[in-house]
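Student: The primary structure of each chain is shown beneath.
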Amino acid sequence: MRYAAGTTVRVRAADPDHHTRVPRYVRGHTGQVVAALGRWPLPDDSARGITPPRIETCYAVRFSAGDLWGTGDHTVTVDLWESYLDGP
Amino acid sequence: MTGHDDLPAAARARRLEERLIAAGLTSDDEIDAFLTGLYTSASPVNGARMAARAWTDPRYRDLLLSDGNAAAAEQGFEGLSYQLRVVANTENVHNVIVCTLCSCYPVSLLGPSPGWYKSFAYRSRTVREPRAVLGEFGVTLPDTVQISVWDSTSEARYMVLPLRPAGTGGLAADELAAIITRNGLIGTARL
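Chains as they are written, first to last, in our numbering: chain G, 1 to 88; chain H, 1 to 191.
Hints in this document: simulated from the structure, not taken from any laboratory.
Be aware that one or more of the hints could be misleading.
Said to hold, decoys possible - So the derived label-pair ranges between C-beta atoms look like this:
(1) G87/G / D28/H: 47 to 55 Å
(2) S81/H / H18/G: 20 to 28 Å
(3) N92/H / G66/G: 29 to 37 Å
(4) A10/H / T7/G: 44 to 52 Å
Claimed, not checked - Straight-line alpha carbon distances no greater than 25 Å define the calculated SDA-like cross-link-like pairs of lysine to any residue that follow:
(5) K118/H / R24/G
(6) K118/H / D32/H
(7) K118/H / H18/G
(8) K118/H / A4/G
(9) K118/H / T51/G
(10) K118/H / L68/G
(11) K118/H / A47/G
(12) K118/H / T144/H
(13) K118/H / W69/G
(14) K118/H / S64/G
(15) K118/H / R190/H
(16) K118/H / V107/H
(17) K118/H / H19/G
(18) K118/H / P23/G
Cβ coordinates follow ideal geometry from the N, Cα and C atoms, glycine included.
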């Protein structure tokens, strides 16, 4: 586990030419780690038949609506694998 | 009779099944047995019983919020195929679940997902304007209540622990479970 709860992380902005589980709306945005969930195969590898796939920690990362959309007072928490994130 | 089989999606699914069967990867009997097992046991009654127990048993509430799979196992639901994460509503925070990538959701505890949960409108609007979406479900929250949206993009599945309504102090566990709806466990209803 690389990021403790409370760590600020930025989602990589890359637009891969293969399957990924990074929703487009959080790409390039900054959020806070809420929790480390578990260590699971990276879907980007599994979907391409790469064996063995990388096994990585997945984090729940919270974003503010204001940052994502420029409006709204809610938060959105998205589960993101370690490869999808850059540290502080 | 016009039935489900006439729908283009059902026809595509059936063609996929036939290819898998032809390849020797599964059989009609195996598919039927899987679906029968899933749909006879998967029900929002399961999640409702867990939530009702958490309302009356502080130890179980702590377990449910810290280790959903252990709490599910105590209630007889062992070996969930996902990591269960339960998020609790409070006086100040209202949680709502969505899956923007597809329609992930804890089927075994909430039953088959409703059609609207899979719709593009619900999936795209809930992360952007949840207060408006909840309003269309008849849920009007005071401005002081923060909305926390959970987008189920990984192997974790989310369930909401609703607030216990006032005036339910005298109800037994079964009666409490009966007032907890599937939408309450998704976050698109307040009880």
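Student: Work down the list of hints and note, for each, if the structure agrees.
Tutor: Hint by hint, here is what the structure shows:
no. : hint                      : result
1   : G87/G / D28/H: 47 to 55 Å : holds (50 Å)
2   : S81/H / H18/G: 20 to 28 Å : holds (25 Å)
3   : N92/H / G66/G: 29 to 37 Å : violated (18 Å)
4   : A10/H / T7/G: 44 to 52 Å  : holds (46 Å)
5   : K118/H / R24/G            : holds (18 Å)
6   : K118/H / D32/H            : holds (23 Å)
7   : K118/H / H18/G            : holds (23 Å)
8   : K118/H / A4/G             : violated (33 Å)
9   : K118/H / T51/G            : violated (31 Å)
10  : K118/H / L68/G            : holds (22 Å)
11  : K118/H / A47/G            : holds (22 Å)
12  : K118/H / T144/H           : violated (29 Å)
13  : K118/H / W69/G            : holds (22 Å)
14  : K118/H / S64/G            : holds (24 Å)
15  : K118/H / R190/H           : holds (21 Å)
16  : K118/H / V107/H           : holds (13 Å)
17  : K118/H / H19/G            : holds (20 Å)
18  : K118/H / P23/G            : holds (16 Å)
When held up to the earlier numbered hints, the structure conflicts with 3, 8, 9 and 12 and fits the remainder.
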